[in-house]
Amino acid sequence: MATAAAELVKAAKAKTIERPVSQWDLAWARLRRHKLAMFGLVSLTLISLACILAPIIAPYDYEEINLNSSYLPFFSPGDAGRPMHILGTDKLGRDIFSRLLYAGRISLSVALVVTLLSLMIGTLIGAISGAAGGVVDTVLMRFTDLMLTLPQLPLLLILSSSLRQFVQLQEFIGSNLSVVIIIFVLVVFGWMGDARLVRGSVLSLRSQDFIEATLALGASTTRIVFRHLIPNSLAPIIVAGTLAFGGVIIAESALSFLGFGVMPPVPTWGNMLNEARNSPLEYLFVQALSPGFMIFVTVLSINFIGDGLRDALDPRLAI
Amino acid sequence: MTNFIIRRTIQNIVMLFFISMLIYVVLNLAPGGPFDTLALSNPRITKSMIDRLNRLLDLDKPILPGKYCPVDEAGRPLPCRFDQGRYVRWLQRVIAGDWGESWTMQKGTPVTRMIGQRLGYTILLMGLSLLVALFFAIPIGVLSAVKQYSIIDYVATTLAFFGQSMPTFWTGLMLMAIFAVQFKLFPTGGVRTTGMEGDIIEALARIFSFGRKYPELAGREFAAILDGLWHVSLPVIVLAFFNMASWTRFTRASMLEVLRQDYMRTARAKGLVERVVILKHGFRNSLIPLITLLCLAIPGLFGGAIITESIFSWPGMGRMYIDAVANVDWPVVQGLLVITATLTVFANLLADILYAVVDPRIQYT
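As you go down the protein sequences, you meet chains A and B in turn. Residue 116 in our numbering sits at position 116 of the first sequence, and the numbers go up by one each step. Counting from 1 along the second sequence, just add 1000 to a position and that's the residue number in our numbering.
Bound-form chain A, shown alone:
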């Protein structure tokens, strides 16, 4: 690790870069030496790009039904003049490869939104709790404990199935209701870890000299929280957020797989697996392989990145 920093400093001198070497530059240098994290970063970027560019890459529309060619195996030729079904077709003859790309858009964006929202809520609650102390801290932390003790998956199932019963909500939000519901329930159960993390970090920062100096300069509590406490807790928040991102992808897929998450026709990797489970057994392998593989590779990449980030951002390592 020491050599990485030294090289960076040398490079900076050689190129006469005017900008000084920051903590983030050092972290990036360390991350680049983490082979698995780099592998994760590259594959996650590729997957995200493929999903974002789905309208261009996908050979078929994800809703295009062709009842004459249902349950086709891998690499089956399409109808005359149409592209090949690389990963086969599903029950309704829809191209699995194309659906996979569109499903990735939903799965990834749901996970991104959920992670960011829970990070925001968790950071806010943790920072308030740590900065305020006293009764506020006790109440907020007991509530966090309570939420952590609740059985998660069972309550996620209940919440998402009961929210769907509200007709007014359906009229208000429309056909994407199931997506909105899943984001909501996953955020409700997603913020506690971050809150505890940020609170711990704020508590340890609060007693440090630079905060006292800021106080002496007359800064307001809000300013201290948002300009000093939260930015200084950023490193653990980033690591936790990365690992949470993978967890959310699995949670969303699990709910959709059980039929309580995102509802068809909107495809996600989870509900594609749900459809695979209901297909005749002889087609199970072809139907289930690719959606699950996408979940696996995505989550694996994210876990690798998270592991790398933890090593890279850990200030205890020699610089």
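With a Cα cut of at most 20 Å, we get these calculated EDC-like pairs of lysine to aspartate or glutamate: (1) Lys1147(B) - Glu1257(B); (2) Lys1147(B) - Asp1262(B); (3) Lys1184(B) - Glu282(A); (4) Lys35(A) - Asp1153(B); (5) Lys35(A) - Glu7(A); (6) Lys91(A) - Glu275(A).
Which residues of chain A face chain B? A few of them, derived with a C-beta cut under 8 Å, are: (7) Thr149; (8) Leu150; (9) Leu157; (10) Ser161; (11) Ile250; (12) Leu273; (13) Arg277; (14) Leu289; (15) Phe296; (16) Val299.
It should be emphasised that the hints constitute simulated quantities derived from the structure, not laboratory data. We put the beta carbon where it would ideally sit given N, CA and C, even for glycine.
Go by the hints and put chain B onto chain A.
Chain B only, in chain A's frame:
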């Protein structure tokens, strides 16, 4: 220590009170009740009949204590009065041991009996998978800590990453497609072969009751147990692989922590053989944090695995739970949630206590 236990127990009971209230309110927020399907299936059932049925089950009362404005048979409003609310009523009954009766799944069956029917299957599945996971994870974890940064360590760590990133619903479907459908080595689900009399749980019950229960199974217990083990293998592999990932990482981390301690150097300085140093001084101490994790696995032992049980049609608590949610069978759902929450809360306490018992360095005040 006694003080600590008493204080924590009281805290836990208060916590359980709030948890149960939260669960009850969330469950009852949803519109709809047990008689909705009745009204849909039979047009001759009128609104007032449904209302009367709801009144019988106290479903017209407020959820939390508050104002209750009843209506009479003809729908005319009666004077409002204070009502203790459904939650308090329900809580009193639950504490008294009356967990209610199923609304839809097995109409009229007490929830406790339904849980009793499923418990054995879940404990079998979860217990076996925990044992298998520990059997492989602990040696692998210890080995990869002792030989840190060796090939074994890298392979073990990478495998752990794989296990954590593979969702059970995918590994379950893939194992089923490969080993049950393609090679026909295992059944695709269920607990016993069709036509087989008695399953593994009944056979075990017969053996442990010395033949008093299930007398018709006499002489066939062994076959039933073998058949049951054959059926449980795929779900056990799925769950064990998933659990192994985290157990390996925990064991490794815990062992690495111990290896750094001074007493390890002392043990070596005394001239002990490396094997004794690692196993007797290192490994035994590294088990301390694992006790906590083992306690935290208790709720799962009874709560079951919702996903794996539903993939392999295993008649355990997890599958009952998801069926109950799908069938709006709230008494069953409430019963299962109360069990899981209670076990979680007290497993936490047990973990803290055992931790202090095993490790004298830890003292609670």
